[in-house]
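> For the sequence shown, my numbering assigns the number 24 to the initial residue and increments by one for each residue that follows.
Be a bit skeptical, because a hint or two may be false.
[Stated by the list, open to error] Pairs of lysine-lysine residues, derived as DSS-like cross-links and limited to a Cα-Cα distance of at most 30 Å, are as follows:
(1) Lys-25 <-> Lys-267
(2) Lys-267 <-> Lys-50
(3) Lys-25 <-> Lys-50
(4) Lys-50 <-> Lys-243
(5) Lys-231 <-> Lys-243
(6) Lys-243 <-> Lys-25
Since the hints were derived computationally from the structure, they do not count as laboratory data.
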Amino acid sequence: MKAVIVIPARYASTRLPGKLLLEAGGKPLIQHTYERACQVRAADGVIVATDDARIFEAVRAFGGEAAMTDPAHTSGSARVAQAARGLDADVVVNLQGDEPEIDPAHIDRLIALQAARAPFASTLVCPFPPDARPDDPAAVKAILGKRAAEGAYEALYFTRALAPFPRDRQDAPNPADYHLHIGVYAFRADALQCFAAAPEGRLERIEKLEQLRILEMGEKILAAEIPAAPPGVDTAADFDAFRKRVEKA
């Protein structure tokens, strides 16, 4: 079985434009993520899929593999699907470029889950951080169903809303009742192309969550639980904290 990691990388970012080229420890952010991806034992290759020549050239400059993709793509998975078409892979991992501290073992786990169970897609979840607010719409909640494998569950839904809703504790929802979704996916290669070819779903359009398209297609997503979410880089404050950790190491 061949597994490839594709890192979708847009220059534009709503909260921090150009963040993938910001440097920490003498390396652009995209290089930190790329090097983490290269540590995944089950992966046979890593490629950055971008729509911007600046990112393309930066990746090539540090010796990475990159592909130019259509700037009209509206989701990271659609960009990943285009880059994956000629890769002859059985499993394709969609790893966001702003996850420089992802644990490679967690991606290995997703690839192993795909190899063993062959779901349409698999993803990561973790217990909700005790200091986080479950009613924060930026924190996507994963609603899980029955156990599908060791430490993995069928995903019933993903939402920005407070769900499940605590009828008897509306004033202070307990974080322990929720799972946080982490936006890393492993797809069967054929399933990824089906996803990219399918129209945007109604729920996907409302929640602005691309994974809902899979559920609206009637397909399954398996969610592997990990202890905690890696500290992604969404804002200038996130990047400053990451830079300090890199410089301290």
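> Could you run down the list of hints and mark each one as holding or not?
Consistency of the hints with the structure:
no.	hint	verdict
1	Lys-25 <-> Lys-267	36 Å, violated
2	Lys-267 <-> Lys-50	13 Å, holds
3	Lys-25 <-> Lys-50	29 Å, holds
4	Lys-50 <-> Lys-243	38 Å, violated
5	Lys-231 <-> Lys-243	19 Å, holds
6	Lys-243 <-> Lys-25	21 Å, holds
When each numbered hint is compared with the structure, violations occur for hints 1, 4.
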